[in-house]
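Colleague: First to last, the sequence lines map onto chains A and B. Under our numbering, the first residue of the first sequence carries the number 1, and numbering increases by one thereafter. Under our numbering, the first residue of the second sequence carries the number 190, and numbering increases by one thereafter.
Don't read these hints as lab results, they were simulated from the structure. Note that beta-carbon positions come from the ideal geometry of N, C-alpha and C, so glycine has one too. Some hints could be false.
[As the list claims (entries may be wrong)] Below, computed lysine-lysine pairings styled on BS3-like, alpha-carbon distance capped at 30 Å:
id, chain 1, residue 1, chain 2, residue 2
1, B, Lys-294, B, Lys-363
2, B, Lys-212, B, Lys-453
3, B, Lys-453, B, Lys-411
4, A, Lys-184, B, Lys-636
5, B, Lys-363, B, Lys-212
6, B, Lys-598, B, Lys-529
7, B, Lys-212, B, Lys-529
8, B, Lys-354, B, Lys-529
9, B, Lys-363, A, Lys-184
10, B, Lys-598, A, Lys-87
11, B, Lys-636, B, Lys-354
12, B, Lys-294, B, Lys-598
13, B, Lys-597, A, Lys-87
14, B, Lys-354, A, Lys-184
15, B, Lys-555, A, Lys-110
16, B, Lys-412, B, Lys-453
17, A, Lys-87, A, Lys-132
18, B, Lys-363, B, Lys-529
19, B, Lys-636, B, Lys-363
20, A, Lys-110, A, Lys-132
21, A, Lys-132, B, Lys-555
[To be verified] Per the computed footprint, the stretches of chain A lying under chain B, defined by three or more beta-carbons under 8 Å from a beta-carbon of chain B, are:
id, segment
22, 43-55
23, 97-110
24, 118-130
25, 136-146
26, 152-166
[Unchecked claim] Here's a subset of chain A near chain B, in silico, CB distances under 8 Å, partners left out:
id, residue
27, Val-36
28, His-78
29, Ala-149
30, Ile-170
31, Glu-173
32, Arg-176
33, Pro-177
34, Thr-181
35, Thr-182
36, Leu-188
Listed here are the chains, written in short residue letters.
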Amino acid sequence: MRRRTLLQWIASTTATLPLHRLRVFAQPRELTPEAVATLHEIAPTVLPASLGAARIGGIVDGFVAWTRGYREGVAMAHGYGHPRLQKTPPSPVPGYVAQLSALAGSARAKGGAWATLDVEARRALLDEAFTKAGVRALPPRPAGQHVIADLMAFYFRSSEANDECYRAMIQRELCRPIAITTRKPQPLR
Amino acid sequence: MPTHETDVCIIGGGITSAMLAQKLSELRRGLHVTVVEAGRSIFDVQNRGRYRERAAAYGEHPWHDDYIEDQQASGIISMTMAVGGLALHWGGACNRFSEEDLRLKSMYGLATDWPLDWADLERYYCDAERRLNVAGEPGPYLEDRRSAPYPQGPIPLSYNLQILKRWAEQSGLKFNGLPMARNLTAFDGRGGCCVYDTCGEVCPSGARYSPDYTFRQLIAPKKIALHDRTLVRRLVLDDTRAHVAAARAVHQDRPDETVEYRAKTFVIASGYCWSSHLLLLSANSRLPDGLANRSGTVGRYMNGHRFVSATANIDDQTFPGQNMTHSLISREYFRCRTDKPFVRHDTRVWESSAGRDPRLRGPDGKLLLGEELLADWRSRTRGSSVRLRAYVDVHPSADSRLTLDQSKKNRHGDPMPAIVHRFDEATTARTAATRAHVLDVFNTLAKAGNGRIVNTGEGDYLDHPGGGCRMGTDPATSVCDSFGRTHDHENLFVVGAPTTPTGGCTNGTLTFVALTLRSADEIARGFPSA
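If we strip away everything but chain A, and leave its shape as in the complex, we get:
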């Protein structure tokens, strides 16, 4: 009887402890140096090679900065027509670190560093990772499902990528004189 009471007390007490906070404290708030290195290693596979190494590196740096700027629990747009309250979900960083670590581990299991794998082997690893994470399409913006899909969204959903695709200086959503929009966009230099 006393043992059962003790167990009940432990159960009720631990239920009220802020254990989730302890878990959060144990998780990385920023991408670790190893994770960033893996991201840099994988980026040339998933971003257009025509951008060049320096620009690809810059996009990865921008994405890392995006993760640093992420804020949890902030009200998101509540929409129009059928509005509802939503908050930004928990930071994707812990998931990102685990996913990058898993990809690096998978590459090692295939025989070496990511860069040494042939493109089909890399594709297979990413395909498997995306399927596992439930990624079915390119997210409209980084959404925390998978770090590589989010890196791809970070670039391919940008105004810069839109210009690259059309090979024209459309400059979508960038502040510019309205008169510029009346002319056919200049070819991309």
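Got chain A sorted already, so can you dock chain B onto it with the hints?
Modeller: Quick look at chain B alone, frame taken from chain A:
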């Protein structure tokens, strides 16, 4: 109980409130106007560029805390409750209704006529366009003649819209650029448009009009007083007369303390939802069905317009992203011959990237990487997508209602509103034919320019809603007269969207403002000139 004495107490702080307060301050200098708004003031215009960036990058709402979590309605189209209201993040479309909207009964035997003349309303459209600094051009249809030019020339058509105009006009319909409340150059303390292209979310330059600018201009020189974060919960009648004596409110920081506003004239400018709601909430032992509700029509005839949309693929080449928030409009179907089946709608055309966005997998399901993804994207950018939409004129039945939901109450114990839209029999009977007509117009547009419709859709809510306090000449079937003065209470007005008997077939904001400016003249007549 803290009590505030004022000449005019305006309840609600959206676009109609701003316009009313501004015009009253001009017409009657020294008039004491107090605006009471439940939501907070969001006047930090200097931060809007940053808010926009975070909205784009993270999906964060650029209007922080613009809602009150327990002050919400079912069936409402936006949760925003703040100084500026929904017009903080409207697109800025400034279409006029047409004379047919005011004469549905006499021309077509449908719905009801509005109790005012087109020529009368047209004058106030000009006033509204001036105050909102609308950029527009005269329409190509003779019936759309105007008594005054737009205050600004038209928004220059982007290269894409020039292409789409040529394409669309091959169908025989005439199009022009949508008139918008968007500064082309800096005006009235707001910047000029630099095509951030997020008009419907947040405009960092202030080029797209929003009421917070007007309120700030009125508050600084003390032309009005603004009491924000103060929810009016009840209107209280005079003991001996049918006059409204006071509005009782509560401030968010002092929920246990009632604040009283006493005024010669009360104006409810709380939009299509909260205006009816306040009248119903104000029921008392003398008027158990609520204020201004002798007719039983408060909360009834809730209106708006349905919409049908489509995407067309065409051969002409455009470059999506030039100015996606601007569009073309045709008013060809604003008029309907009386010997034909009734159908009225606008026809809108936008540039679009639908179906031409980057994708993760190719048609065979293969994961696309790097250069492959870019090549796949490029391969799908030949030709153009075009977004089409029609707002369709539908008419409410008396059962199209806002009611008090006793099962859902706010922190003060007030029941929240529930809105259910219903159509009258004639509208319901012609639904299929109307849809077929609109799709036929879309197909005609597409085919005339060697294009094809690739998908269609219909909205499942009514856009630009209004009603609930409809105007009319008969106190037995309407809540207020054409000025918004309630039939039952001489010193109580309702302005803007709630007073509309029907919802038209194009964006409603300009009409709500024009009606309000007309009300302002009438309200001012109640106060002697200085």
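Colleague: Let me make sure I understand: some of the numbered hints might not hold for this structure. Which ones are they, in numerical order?
Modeller: 5, 6, 7, 12, 23, 27 and 36
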